[in-house]
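So the sequences go chain by chain: B and A. At position 82 of the first sequence (counting the first as 1) the number is 103 in my numbering, and the numbers step up by one without a gap. At position 245 of the second sequence (counting the first as 1) the number is 285 in my numbering, and the numbers step up by one without a gap.
Any given hint could be a false lead.
Quick list of in silico lysine-lysine cross-link-like pairs, DSS-like style, CA-CA up to 25 Å [unchecked claim]:
1) 337(A) <-> 192(A)
2) 302(A) <-> 286(A)
3) 55(A) <-> 247(A)
4) 192(A) <-> 77(B)
5) 296(A) <-> 201(A)
6) 151(A) <-> 77(B)
7) 296(A) <-> 247(A)
8) 316(A) <-> 192(A)
9) 192(A) <-> 262(A)
10) 286(A) <-> 316(A)
11) 192(A) <-> 43(B)
12) 201(A) <-> 92(B)
13) 302(A) <-> 247(A)
14) 255(A) <-> 55(A)
15) 77(B) <-> 201(A)
No lab work stands behind these hints, which were simulated from the structure alone.
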Amino acid sequence: MIANYGYKDGSGEYYIAIDTDKCIGCAVGRACVAACPRELFEIVTDDYDDEVAAVKEAHRRTLAYDCTGCKPAGGYVELPCTRACTPGAIVHSW
Amino acid sequence: MSTSEKQAGTTGEKKEYWRWQESAWVDPARDWRAARYVTAGVDVGSVSSQAVVVCDGELYGYSSMRTGNNSPDSAHAAMRAVMEQCGMTLDDLHFVVGTGYGRVNVPFAHKAVTEIACHARGANYMGGSTVRTILDMGGQDCKAIHCDERGKVTNFLMNDKCAAGTGRGMEVIADLMQIPIADLGPRSFEVDEEPQAVSSVCVVFAKSEALGLLKAGWSKNKVVAAYCQAMAERVVALLERIHVEKDFFITGGIAKNPGVVKRIERLLKLEAVTTKYDSQIAGALGAALFAHTLAQKQGAAPARAAAS
Chain B
22 MIANYGYKDG SGEYYIAIDT DKCIGCAVGR ACVAACPREL FEIVTDDYDD
72 EVAAVKEAHR RTLAYDCTGC KPAGGYVELP CTRACTPGAI VHSW
Chain A
41 MSTSEKQAGT TGEKKEYWRW QESAWVDPAR DWRAARYVTA GVDVGSVSSQ
91 AVVVCDGELY GYSSMRTGNN SPDSAHAAMR AVMEQCGMTL DDLHFVVGTG
141 YGRVNVPFAH KAVTEIACHA RGANYMGGST VRTILDMGGQ DCKAIHCDER
191 GKVTNFLMND KCAAGTGRGM EVIADLMQIP IADLGPRSFE VDEEPQAVSS
241 VCVVFAKSEA LGLLKAGWSK NKVVAAYCQA MAERVVALLE RIHVEKDFFI
291 TGGIAKNPGV VKRIERLLKL EAVTTKYDSQ IAGALGAALF AHTLAQKQGA
341 APARAAAS
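This is chain B alone, in the form it adopts within the complex (with noise of 0.2 Å):
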């Protein structure tokens, strides 16, 4: 399942998209969780009783002004979460 976390406004899209078929055998013991300096991920069973990453409620409506420290403005050539998500299960849609 993609699941895809955030919202679109005037200024445009923001989606972090999760792969749960690719989190489900997480090989890196869910590093996502630990390289996000705003701590965005946690861990959660969805509803189809998978335990698998997603981004925080009270940070899906906020993920433009959360994300800015980590992207090239903010001196990171690469993702902190994308480059720790090793299965390629996280993808930024900006």
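The hints should help you fit chain A onto chain B, whose structure is shown.
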């Protein structure tokens, strides 16, 4: 001008143009007492609350009510509305699943399931196993869902940051135009030519733009048409992110508004699947079907719902 508009104008009463019809129904041809498993789903949304009762996996009855000032009371009111139709009590329910914004505040629910999974399951029942893309236009959010032939979600996104493209946005326009909400769709087609959409980014912007257009001499119908078009453009942009695939199904209150539905179909070049059921019950129906599966898993001696 419709009869209700004329009446409001002559009596000077404060008319709630946004108020939609609450409803309750049970299948008179069936007896729930004969069912092995009687399960329920309660969808407490931001604007409306629905309760659905399913007997042995088949829809038996439902209610659709306006959400009150707290979730537990709204859940009880919706459940009571359907139970009163058939002499049922909470003790007669084998399993209850709560869903929607207020899902964790349904006092008599055994489990909470997200509305995304429930809408997919409900749409799969209402529109058939060929449904792949679901658009739920709720009271204060909009969800685009892709599912498989069993109604299991394979891709979803939800936009609940603003009221644009939601039922609440439509209620605002109904009040502004002083047109009963059920008449907005048909009235939006009573125009000489299709106008350009108003702002699809924000309901507040759309409202002020609509006021400006009225002052500029546009008819109410033309403004409503422009708003329906804006709403359609807004949700189609969301749908495109999850890649629309046939069959396409619309749930939620806006599915009853042909002014939006027809414009979505026009933009997508795809007709939405029609259903004999009330489009607003999809979430609660999905929850009741989840409850049925869970009741079956519990075996021959299922636990009864906890009355409170």
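Query raised in the report: Looking at the structure, which of the earlier hints fail to hold?
Result: Violated hint: only 9; rest satisfied.
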